[in-house]
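Asker: Sequence:
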Amino acid sequence: MADYWKSQPRKFCEACKCWFADNKSSIDFHEKGKNHQANVQRRIREVAKKGQKIWKAQQKYENVMDKINEAALHAYSKDVQSSGTAADKMQLIEEETKLKERRAQKFEEQALRESRNIKTWFEAVTAEGQTYYWNSETGASSWEEPASGYIPLSEQQQTAVPEESTNTEEMVGPQPRGNPYGEWKLVEQKEPRKIDLQLPSKNEVEQVTIVLPKDEPKAKFTEKVVDSLSLPSDGDTTFKKRKFVGSRSRNVRQRTDSD
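Note that full-length UniProt numbering gives residue 106 to position 106 of the sequence shown, counting from 1, and the numbers run on in steps of one.
Hints were generated in silico from the structure; no laboratory data involved. In this text, a Cβ means the ideal position worked out from N, Cα and C, and glycines have one as well. Keep in mind that the hints are not guaranteed to be accurate.
Said to hold, decoys possible - For lysine-lysine, the following BS3-like pairs were computed, each having C-alpha atoms within a straight-line distance of at most 25 Å:
| # | residue 1 | residue 2 |
| --- | --- | --- |
| 1 | Lys106 | Lys56 |
| 2 | Lys49 | Lys106 |
| 3 | Lys98 | Lys56 |
| 4 | Lys50 | Lys106 |
| 5 | Lys100 | Lys67 |
| 6 | Lys67 | Lys106 |
| 7 | Lys6 | Lys190 |
| 8 | Lys190 | Lys202 |
| 9 | Lys60 | Lys49 |
| 10 | Lys34 | Lys11 |
| 11 | Lys50 | Lys17 |
| 12 | Lys60 | Lys24 |
| 13 | Lys34 | Lys24 |
| 14 | Lys53 | Lys106 |
| 15 | Lys32 | Lys11 |
| 16 | Lys67 | Lys98 |
Claimed, not checked - Pairwise CB distance ranges, derived in the manner of DEER restraints:
| # | residue 1 | residue 2 | range |
| --- | --- | --- | --- |
| 17 | Ile68 | Val47 | 30 to 36 Å |
| 18 | Lys190 | Gln37 | 47 to 53 Å |
| 19 | Ile68 | Ser25 | 57 to 63 Å |
| 20 | Lys60 | Cys18 | 36 to 42 Å |
| 21 | Tyr61 | Gln81 | 28 to 34 Å |
| 22 | Ile195 | Gln156 | 55 to 61 Å |
| 23 | Ala147 | Tyr61 | 32 to 38 Å |
| 24 | Glu145 | Glu188 | 49 to 55 Å |
| 25 | Ala86 | Tyr61 | 34 to 40 Å |
| 26 | Glu128 | Trp184 | 25 to 31 Å |
| 27 | Thr85 | Gln156 | 47 to 53 Å |
| 28 | Ser25 | Glu145 | 24 to 30 Å |
Produce the entire structure from the sequences given, and follow the hints as far as they go.
Answerer: In structure tokens, the structure reads:
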């Protein structure tokens, strides 16, 4: 097992566009700052204005489509009355019925909105998890609950179309306090998996081990004592005369009978 050093985690604030240490004390210090609260207020106003613009654009689009459908149905009814078959008349009746249902539904929505005009405030949550309230008509936002009432998130989620969430996060307990020097974790060393390359097997050659004798023969040296290295002084010095074959030297060529 080996140890390695891990740097301190950091958190990014979407409202302030800055990074800071991801621990409880640093988060509380940043969120209580005046700069952060001002940026959150500005972000809430932007989100509220954007939502109001989208809602108005949707209402305008629906009104235009209703007018187009009414004009097309009116022209189609004239054609059917002048020269139309029974099938055309049946289709005209179906289209008129759909248009009436659409008008009734729109009237009910308008009446419901007028009855709930005192609750134009909606509950919302920022990216940091803080709850705020915004007005759909004026675009104003507030951290405190409005006295006239508001529409909670649970009711908004019931009326909204459910969407499948792709990112799931698990939160287990509170965020632990970060270490200013980082954290140490133990790394478990795993043996690498052996890969079979399917190579041909090799015939191993048997190695012969030569065993040397432990007791090697040792050379013995003896000492010989000489009495004297000088010649005896009382004798005469003589030289041995060299003998030659014949009367001449061996290197001299001798005369033969053929010469």
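Asker: Does each hint fit the structure? Answer for all of them.
Answerer: Comparing the hints with the structure gives:
For the hint linking Lys106 to Lys56, the alpha-carbon distance of about 15 Å falls within 25 Å, and the restraint holds. For the given pair, Lys49 sits about 24 Å from Lys106 by alpha-carbon distance, which is consistent with the 25 Å threshold. Of the supplied pair hints, the one linking Lys98 and Lys56 holds, its CA atoms being roughly 24 Å apart against a limit of 25 Å. Annotation: proposed proximity of Lys50 to Lys106 holds, straight-line Cα distance about 23 Å (limit 25 Å).
A C-alpha spacing of about 13 Å is found between Lys100 and Lys67, which places the hinted pair at or below 25 Å, so the restraint holds. Taking the CA atoms of Lys67 and Lys106, the gap is about 13 Å. The hint holds against a cut of 25 Å. Of the supplied pair hints, the one linking Lys6 and Lys190 holds, its CA atoms being roughly 20 Å apart against a limit of 25 Å. Taking the CA atoms of Lys190 and Lys202, the gap is near 29 Å; set against the 25 Å cutoff, the hint is violated.
With a CA separation close to 16 Å, the supplied pair Lys60 and Lys49 stays within the 25 Å bound. For the hint pairing Lys34 with Lys11, the CA-to-CA distance comes to about 19 Å; that is within 25 Å, so the pair holds. Restraint check for Lys50 and Lys17: the C-alpha separation of about 20 Å stays at or below 25 Å, so the hint holds. A C-alpha spacing of about 46 Å is found between Lys60 and Lys24, which places the hinted pair above 25 Å, so the restraint is violated.
In summary, the hint linking Lys34 to Lys24 is supported, as the alpha carbons are separated by about 18 Å, within the 25 Å threshold. Distance check on the hinted pair: Lys53 and Lys106 sit about 20 Å apart at the alpha-carbon level, within 25 Å; holds. For the proposed pair Lys32 and Lys11, the alpha carbon gap of about 16 Å is at most 25 Å, so the pair holds. Proximity of Lys67 to Lys98 is assessed by CA-CA distance (about 14 Å); at most 25 Å being required, the pair is judged to hold.
The hinted window of 30 to 36 Å between Ile68 and Val47 holds, with their beta carbons roughly 32 Å apart. A hinted range of 47 to 53 Å holds for the C-beta pair Lys190 and Gln37, which are about 49 Å apart. Range check, Ile68 to Ser25: Cβ separation about 60 Å, and the 57 to 63 Å hint holds. The beta-carbon spacing between Lys60 and Cys18, approximately 38 Å, falls within the hinted interval of 36 to 42 Å.
A C-beta distance of roughly 31 Å is found between Tyr61 and Gln81, which places it inside the suggested range of 28 to 34 Å. In this structure the hint that Ile195 and Gln156 lie 55 to 61 Å apart at CB holds, the actual value being about 57 Å. For Ala147 and Tyr61, the hinted distance range of 32 to 38 Å is satisfied, since their beta carbons lie about 34 Å from each other. With their beta carbons about 52 Å apart, Glu145 and Glu188 fall inside the hinted range of 49 to 55 Å.
Roughly 35 Å separates the CB atoms of Ala86 and Tyr61, a value that falls within the hinted 34 to 40 Å. At roughly 30 Å, the beta-carbon separation of Glu128 and Trp184 lies within the given 25 to 31 Å, and the hint holds. For Thr85 paired with Gln156, a C-beta distance near 48 Å keeps the hint of 47 to 53 Å intact. Distance hint for Ser25 and Glu145: a CB-CB separation of about 28 Å, consistent with the stated range 24 to 30 Å.
Of the numbered hints given earlier, the model fails hints 8 and 12; all others are met.
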